[in-house]
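Start from the sequences and build out the full structure, keeping to the hints where you can.
Residue numbering for the sequence shown follows full-length UniProt numbering, starting at 1 and increasing by one per position.
For the record, the hints were derived by calculation from the structure and aren't laboratory data. No experiment lies behind these values; they were computed from the predicted model shown. Be aware that a few hints might be false.
27 Å max Cα-Cα, derived DSSO-like pairs, lysine-lysine [said to hold, decoys possible]:
| hint | residue 1 | residue 2 |
| --- | --- | --- |
| 1 | Lys-71 | Lys-47 |
| 2 | Lys-86 | Lys-10 |
| 3 | Lys-47 | Lys-102 |
| 4 | Lys-64 | Lys-78 |
| 5 | Lys-10 | Lys-47 |
| 6 | Lys-189 | Lys-2 |
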Amino acid sequence: MKKRRSIMPKDYLSDLVEDQEINHILECANMAPTHGKTEPWRFVVYKRANLSNLFNFVISWYEKNWQQIYKNEEERDKGIQSIQNKFDELAKASHFIGIGMKRQTKKDKLMPEWEEIAAVSTSVQNIYLQCAAKGLGGYWSSMNFAKECRDSEEFLNFMGLEDKGDRFLGNFVIAKTNKYDQYQRIPGKYQDKVQFR
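If you want it as structure tokens, here you go:
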């Protein structure tokens, strides 16, 4: 638990994470707690060789919809280049795991949205813990650098989140690293965040 870290792309190695390790990580993600056994987490896995499919979709979306976001062509070009630069940095990843929340997985059960987001978040924590156990680098990216596309109906459909209320909650980026021990995480004292009554 204390070894859990967010490892950034600058410290990723070119080696790929084996499929069986990714499958084990996802199996552990599936063990997360969920109210009503709705299991709202949905994952879309991209291997490095296929990351361009995701990246190209996002860039194309901005090229088509730029007038809704940017004031002029110069601003558009800078904005799209900034997104492309981020993707170039992230291309060092072995895998991207797109993180979705299925708003209603059972016809007879509609849980409060916050409970379903919390359930997905606990599944992502399981991913974090498995990466720590395996010494893999990774972090949860909100994809805020492309938030207009991320939150669009087209992108939700692209990620298989086609029903009303479905949400895309970012990507978990995974890669091999040899810098794991160089990252330190020193949280504040838990006592400062707790009241005993």
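Here's how the hints hold up against the structure:
1. Lys-71 - Lys-47: Distance of about 35 Å is beyond 27 Å: violated.
2. Lys-86 - Lys-10: Given that 27 Å is the threshold and the Cα spacing comes to 12 Å, the pair holds.
3. Lys-47 - Lys-102: holds (23 Å)
4. Lys-64 - Lys-78: Distance of about 15 Å is within 27 Å: holds.
5. Lys-10 - Lys-47: holds (18 Å)
6. Lys-189 - Lys-2: holds (13 Å)
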